[in-house]
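Engineer: Listed below are the residues making up each chain.
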Amino acid sequence: MVELYILLIFMIVGAIIAIEVKDLLSSVVAVGAVGLGLSIVFLILKAPDVAITQLVVEILALIILIRATLKKDLPFSTSGRWMLNTFITVCFIGVFLFIANKCLKDLPEFGYPIMRVAGNYLKNGLSQTGATNFVSSVILDYRAFDTLGEATVLFTAVIGVLAIVRRVGRKKDSEKLEEEE
Amino acid sequence: MSREHKKGMSLIVKTITRLTVGLILLYGIYIILHGHVSPGGGFAGGVIIALSFVHLMLAYGKETALRKVSRSAASFFESVGATLFLLIALLGFTGGYFFLNFLGKGEPFKLFSAGIIPLCNIAISLKVGAGLFAIFVALVVLNLDSEK
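Just so you know, the protein sequences line up as chains A and B, in that order.
According to this note's numbering, the first sequence is numbered sequentially starting from 1.
According to this note's numbering, the second sequence is numbered sequentially starting from 1.
To be clear, the hints were calculated from the coordinates, so they are not data collected in a lab.
Among the hints, erroneous ones may be present.
Here are the computed lysine-lysine pairs in the DSBU-like style, where the Cα-Cα straight-line distance is at most 30 Å [as the list claims (entries may be wrong)]:
(1) Lys110/B x Lys46/A
(2) Lys7/B x Lys105/B
(3) Lys102/A x Lys22/A
(4) Lys105/B x Lys123/A
(5) Lys46/A x Lys123/A
(6) Lys62/B x Lys105/B
(7) Lys46/A x Lys105/B
(8) Lys62/B x Lys110/B
(9) Lys14/B x Lys62/B
(10) Lys110/B x Lys123/A
(11) Lys22/A x Lys105/A
None of these values were measured; they are calculated from a predicted model.
All chains, full assembly: derive it from the sequences and hints.
Structural biologist: Right, here's the structure in full:
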């Protein structure tokens with residue numbers, strides 16, 4: 001468990017550096033360090049599926065962010081209502097910690113899940129679906145409807161990006177002919 | 001030096017990319033096809049395939065990568081993946097309900113087992129890989145246009 005706490009402290013330090021540093025590229029690199037630390041945490045907690053997905057998505061997001069911030073130096077606005085911002089942040093953190101302390105008492109202890117439904121999946125998964133990877137049998141057989149919703153979300157996101165950043169609108173054939181003449 | 005060499009990164013990066021990009025693509029296909037046997041699955045494998053094309057684009061420039069997979073082809077593959085996934089789900093109605101595992105279960109630990117799960121993995125990987133590559137292409141094209 002010690003390595004888990006070392007990685008958690010590393011990730012918290014990385015997140016603070018990502019917020020506080022002035023250079024945008026350094027900030028992106030710190031965010032990438034946090035993501036890679038998270039993938040190692042998933043490996044230690046014995047979730048290789050999530051670790052693989054976290055690793056590859058983190059690298060893709062990192063490449064896109066570096067491409068977007070490489071040649072731009074966006075100005076930081078740290079001036080202004082410093083006192084008010086700090087006051088609101090401290091108040092929000094206090095409220096969050098108070099409510100989280102009340103809510104998290106009802107959760108089962110870390111590492112000892114209740115396993116009411118999951119125990120059933122683990123017992124019958126191999127005979128009912130035939131897949132030896134239980135994560136795959138849950139997301140594509142027992143809970144395939146959730147995966148369909150997730151696929152729809154991604155599909156909508158891609159359509160939105162392609163519609164917003166396209167260069168020219170599509171024209172009808174008759175309009176094209178008029179322009180060429 | 002021909003004109004092609006001036007686009008993209010240096011010669012060292014291009015040589016290494018030529019050696020590794022096929023291996024990355026093969027590893028993505030392996031992760032997809034063995035998604036029901038070992039860790040991995042359609043989402044991770046699709047992102048790895050998208051990353052291999054992103055690798056090609058970063059090293060060789062925009063034109064070389066878009067010659068392999070154009071933007072309209074990426075949109076087409078994404079739609080095909082989504083439709084295929086929905087079609088597999090609807091085919092479950094032949095036996096009773098949505099997302100019924102209507103194919104034979106097969107032997108555990110074999111590549112051809114677990115009914116519809118490998119087919120769903122392939123459909124999701126097509127969708128995720130093509131969709132993320134299309135997003136990357138769109139953002140890079142936008143970036144280059146705003147720099148001019």
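Engineer: Take the hints in turn and mark each one as holding or not.
Structural biologist: Here is how each hint holds up against the structure:
1. Lys110/B x Lys46/A: Holds, at about 23 Å.
2. Lys7/B x Lys105/B: It is violated: about 50 Å lies between the C-alpha atoms, which goes past 30 Å.
3. Lys102/A x Lys22/A: Between lysine 102/A and lysine 22/A the Cα gap is close to 37 Å, so the pair fails against 30 Å, i.e. violated.
4. Lys105/B x Lys123/A: Answer holds: lysine 105/B to lysine 123/A is near 17 Å, not above 30 Å.
5. Lys46/A x Lys123/A: holds, 19 Å
6. Lys62/B x Lys105/B: violated, 44 Å
7. Lys46/A x Lys105/B: holds, 27 Å
8. Lys62/B x Lys110/B: violated, 40 Å
9. Lys14/B x Lys62/B: Given pair lysine 14/B, lysine 62/B holds - Cα atoms ~14 Å apart, limit 30 Å.
10. Lys110/B x Lys123/A: holds, 20 Å
11. Lys22/A x Lys105/A: violated, 39 Å
In summary, the structure is inconsistent with hints 2, 3, 6, 8, 11 from the numbered list given earlier, while agreeing with the others.
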